[in-house]
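Student: The residues making up each chain are set out below.
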Amino acid sequence: MLHILRQIARTGIKSEAPPAPDSEMIVLSRLQERILRVLGRALTIRQVDAGSCNGCELEIHALGNPYYNIEGLGIKFVASPRHADLLLVTGPVSKHMAIALKRTYDATPEPRLVVAVGDCGCTGGIFGESYASLGRVANVIPVDVEIPGCPPTPTALLQGILAAISAAAPAPVSSLPTGTDTPPSPITSSM
Amino acid sequence: MDVSRPGLAAAALPSAMPVKRCPVDGMQLLTACRVGWENGAQLVALWACDDRDRDRGFTLNVVLQDEDGFTLLEYAMPREDSVYPDLAAVFPAANRMQRAAFDLVGIAAQADDQRPWVWQASWPIDRYPLRRDFEASPKWEPGQEEYPFVRVEGDGVHEIPVGPVHAGIIEPGQFRFQVVGEKVLRLEERLGFVHKGIEKRFESMPLAEGHRLAGRVSGDSTVAFSWAYSQALEAISGVAPPPRAAWLRALALERERLGNHLGDLGYLGNDAGFAFGLAQFSRLKEDVLRANRAAFGHRLLMDYVVPGGVASDFAPKHASAMRAECATLGREIRTLRGIYDDHDGVQDRFRNCGVVLPALAAKLGLTGFAGRASGQARDLRCDFPVPPYDVLAVRKVASERGDVAARVALRFDEALESLRLIRAIIDAMPEGATPDAVRVPLPEAPAYRKGLGVVEGWRGPALVVLETGPAGTIRRCHPHDPSWLNWPVLEHAVIGNIVPDFPLINKSFNLSYSGHDL
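So the sequences go chain by chain: A and B.
Using my numbering, read the first sequence as starting at -1 and increasing by one per residue.
Using my numbering, read the second sequence as starting at 188 and increasing by one per residue.
This is chain B alone, in the form it adopts within the complex (with noise of 0.2 Å):
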């Protein structure tokens, strides 16, 4: 972002990607974000921190992306009463994040929605738990609010209520839909029920396990997460990957892009009648999954990616049984999507369901695979590679459908390019100087310094932005799902369907409610 436009000084922020770091009071701050909606950059993430111990009051974070890379405004707010704008007039999915940034650290938007979005009664409404003087009660019992959902009224309208328990192997949210007949008016999202205080914890580990708890913010994206924490403090410590590391990074990143992509194509298949789909990709999925057992110890690469490097190295032997999976996989993803594609029953409940145009896509900041299918073309394995992408020539995969049958061919497109790159990788991956070439040791990082790891994991990108503290202790750590630039959207992607397409919907996006709730 050209940051002088809104006039602004800038200066860089350790990281493996572009980024900016630019000091702004609340003026500068509205008219960035302005400036750089009008110039193409969409919001990432906004969160806040307590740095009243170092005489700099409460920070407001806010990190943007365009094409020339991130840019992080930090309003350094001096009092607890003081306000920041509401950024949600240009940036709506703003909204909750504010709404977030103000049960956990107190401090609030000028904004008319003062809703709390992750409090829900089990500690008081004034204590706010990522202040560095909270100290949580026993006495607090888990409390539970009735929450303000927006009603429609009028002739024949009913609510339906769903949840917190789903009624499948689901996370737990509220999801209260406004209903005629069949027909969905309304749905609104209440989330926050597996809040677990993970910002919290981060702040009582060291520097060198955080990537464990990263890994854990949404299981389904733990490489994605532990590399991108990994990213934030190798930029702080200033080292850089052993190249070989950096690829088996890539592949493991590729094989959770691949297995995700297969489980979600089977359920598909399933919500839309099509349980043959579900059998199939089921058993592709589990083949993924033994095969990364094999190769890398664990089913779901848990804790593999790790500050400095990977956990361990890959067997030659392990290469020829992949290319193997590669060939056959390719062969089966194939057969099943001219399947999938023959069948007008599931053609008949992909196609047209679900819509998210280009134009409110751009609005409210659709991100990842979904945000590619409504038009949204950008992927940071193309727009700024690290290495390996930087040599393996990421085809960028776009539509501008944006209904479920847009988003399950992206899902065949790019696990069938997820197959090439794994098989690339393969191929073409650097020996290691000696064999245990795929760690280095990492120095103890700085005190009070920020670090910005963000990587394209299945669902979009995942963020982590870390500050340390003294002694190889972790100040402040966020980690950022895409999820929550997509629950919004879902919102809108539902509006005039029918309630039984509602599945089919959700899970053509399959958001995280962990990787939100934290």
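Just chain A, with the same shape it has in the complex (with noise of 0.2 Å):
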């Protein structure tokens, strides 16, 4: 146990301050203050990879560590589509996944808002569209915020994040209410 303490007193505080959100990334802009009004900044997030080579996947992931210390700013992923406010989605859009998007999309409550991840999130990327391949997320689901890279950086994945709760209208932090209206949402063990 002292081990422990001990190492988390050697390694500190590691978070860094968040980015500001990148405005430039909005394709939808149907962002309205009512909907910051619900969502505020409690964001919880259903992450579907669609298709992807995985490498989207790990950044994503990187976003929960000390660094980036995503939970901090109050995101959390979650394990139901019926918990989140935000699908974060990857591609390419595989056919064999497309089905499985839409009804993840139709699980969601509203204002469910669609952040596309990684070039193929965005334009299908180097698989682009075939036989197998559907291509970008917005040909199948409609799409809010769209952050290319490949895989894009953790910093640019929270810039889209925050572009898609705050950036068309920033709400004073003080006209929001206290609590946030989203459910509990448990996370249940991953698999």
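Source of the hints: derived by calculation from the structure; they are not laboratory data.
Yeah, the Cβ is synthetic: ideal placement off N, Cα and C, and Gly gets one too.
Take the hints with a grain of salt, since some may be wrong.
Label-pair ranges, simulated between beta-carbon atoms [claimed, not checked]:
hint, chain 1, residue 1, chain 2, residue 2, range
1, B, Gly341, A, Val25, 51 to 57 Å
2, B, Lys504, A, Gly70, 30 to 36 Å
3, B, Leu372, A, Arg4, 42 to 48 Å
Pairs of lysine-lysine, BS3-like flavour, derived with a Cα cap of 30 Å [as the list claims (entries may be wrong)]:
hint, chain 1, residue 1, chain 2, residue 2
4, A, Lys12, B, Lys504
5, B, Lys387, B, Lys326
6, B, Lys583, B, Lys550
7, A, Lys100, B, Lys326
8, B, Lys550, B, Lys370
9, A, Lys100, A, Lys74
10, A, Lys74, A, Lys12
11, B, Lys387, A, Lys100
The task is to assemble the complex, starting from two chains supplied on their own in separate frames and drawing on the hints.
Tutor: Below, the structure is given as structure tokens:
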């Protein structure tokens, strides 16, 4: 136990200040103050790999490390689309994942935000469209924000996620409700 | 492999590895596999090609590996209704590869199990995407097919369906558990959800670009696959990369291994309820990725290995930073290892969990670090070292225990060994003759040549078999991830364990979906 505490003390706090939102990543300007009031800065994300090479997933994982500390910003990855405000989707969307992706989207409560991740999620990338690939995420479900990169860095991912919830109409913190309307989201064991 | 014992003639195949190429007929194919198995050979890969345009019908390709090197068995099947013997009788891992070969090329094994493996009703079942006359129709809608999972019947037995969308940041696939209470009686996997047509896509790319797609077969193994592709193309072209480039490739490969092991060690702690481990190891992994970006321009090292060498040289200023990094990381990893080892709760979850004993590992062909944790002491860096591994003398780590604890120990050992190698590479790397001597141009490759590249990635051997077409095109490229061999073993590793231990067991292997589904 002492070793653990010593290691924690020696490590110190590594978290860095979050980057500014990047409004250039917004493709669908349906972001209204009402949405922001609902979501505030407590956001739950359901990540969907719809066909990626797993490179984007590595960088999405990195968001949870102490440097980016995404949970410290009030943003949490959840295990079910029913608990999610935002879908973070990597691509290209394989034909075999198209139905699962649409069902996940349908299961997400309004006002569901969708962020497409990576060159493949934004354009189809190197895989393009083919007998097995439907290309960009926007070919399958509506997309609010696109984060390019192969893969995008954790900083770019944060900029895009923050753009989705704050860039269009940044609400002053004081006007936000104290609680959030999002349901509690228990994280079940991941498979 | 001594191919004269099954009575075969062999020619050399262009490769940096010892590779024999043997034309066989159906009986010889089966005999070669049987004789190979009896003499310690393992199946590496199986796939099919459509060679009708060259009057050769269809070709079934099988790669075996033993202590002498690799053997490519090629069975030219005259017609599309020809069949080949079921090799799963010798190598069980051939089952899914045979089914995938049928889905994609339409050539069947004489096997009982003819369930589709890659096909999921998104194209007509009688069309085969990797045939040369295949034309996709925009009318084909994404489909979904009820998969005939094997069911366990009995009092109190129930099913748990999982996926394809998983409850975490994980690639998609389906798992069907048959359980009694908490105990798993049977797990069956169904993969193929991230099949995005990689092999077909290769055929519309120039040879000089293929390494970029190879580097996206499985993003966590981008160095291994882009190196394997480059190895294959260089062997066909008869060009060797400059010595400094070979060392830089090894530097990148060891950094990829280090980063992946650190990340997984964190998640293994987390899956055992020890979030401290995740916070610590994810911090260390981030440090490695940031140093990658500073030295190579990319956190995951994508597109760094290119045919003919590497994309950029390594500046001397990064050498001292990386030496300091190695010292710090070595200290931190040893401290954390002590904490993991001393933590009763963590060890209780790790030990005797997800056991794969050496006999089963050998029968199923378990490969890579997971194989080494179950007595399968193969490592290409030691067994068939290409420069610079021939002088680096990689220390091979192995264990016979085969449980999660053994795979965790292997990852600690291999991460520390990678640190030693990174340090040794930085210290001993030859200077380039000129500032830009890390990449040589490749001459146009001759048409209709096959080459083989294989690299010991962090998960296991990443194989690429490349065939050139005329005028700098790719005729066929088959990338083969070690996950093909290890996915079926996971089904066995879980039997008799409790459902909540599955994430831990799964993560201890951490297999690729994308690299398998293609």
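Student: Take the hints in turn and mark each one as holding or not.
Tutor: Each hint tested on the structure:
1. The hinted range of 51 to 57 Å is satisfied by Gly341 of chain B and Val25 of chain A, whose Cβ atoms lie roughly 53 Å apart.
2. Restraint check, Lys504 of chain B to Gly70 of chain A: a C-beta distance of roughly 33 Å satisfies the suggested window 30 to 36 Å.
3. Here the CB-CB span from Leu372 of chain B to Arg4 of chain A is close to 44 Å, well matched to the stated 42 to 48 Å.
4. Taken as a hint, the Lys12 of chain A and Lys504 of chain B pair is honoured in the structure, with Cα atoms around 25 Å apart against an allowance of 30 Å.
5. For the given pair, Lys387 of chain B sits about 19 Å from Lys326 of chain B by alpha-carbon distance, which is consistent with the 30 Å threshold.
6. Our distance criterion of 30 Å between C-alpha atoms is met by Lys583 of chain B and Lys550 of chain B, whose separation comes to about 21 Å.
7. Between Lys100 of chain A and Lys326 of chain B, the direct Cα distance comes to roughly 19 Å. Compliance with the 30 Å bound is thereby established for this hinted pair.
8. For the suggested pair Lys550 of chain B and Lys370 of chain B, the alpha carbons sit about 25 Å apart, so the restraint of at most 30 Å is met.
9. For the proposed pair Lys100 of chain A and Lys74 of chain A, the alpha carbon gap of about 22 Å is at most 30 Å, so the pair holds.
10. Between Lys74 of chain A and Lys12 of chain A the alpha-carbon distance is near 19 Å, which keeps this suggested pair within the 30 Å criterion.
11. Between Lys387 of chain B and Lys100 of chain A, the direct Cα distance comes to roughly 26 Å. Compliance with the 30 Å bound is thereby established for this hinted pair.
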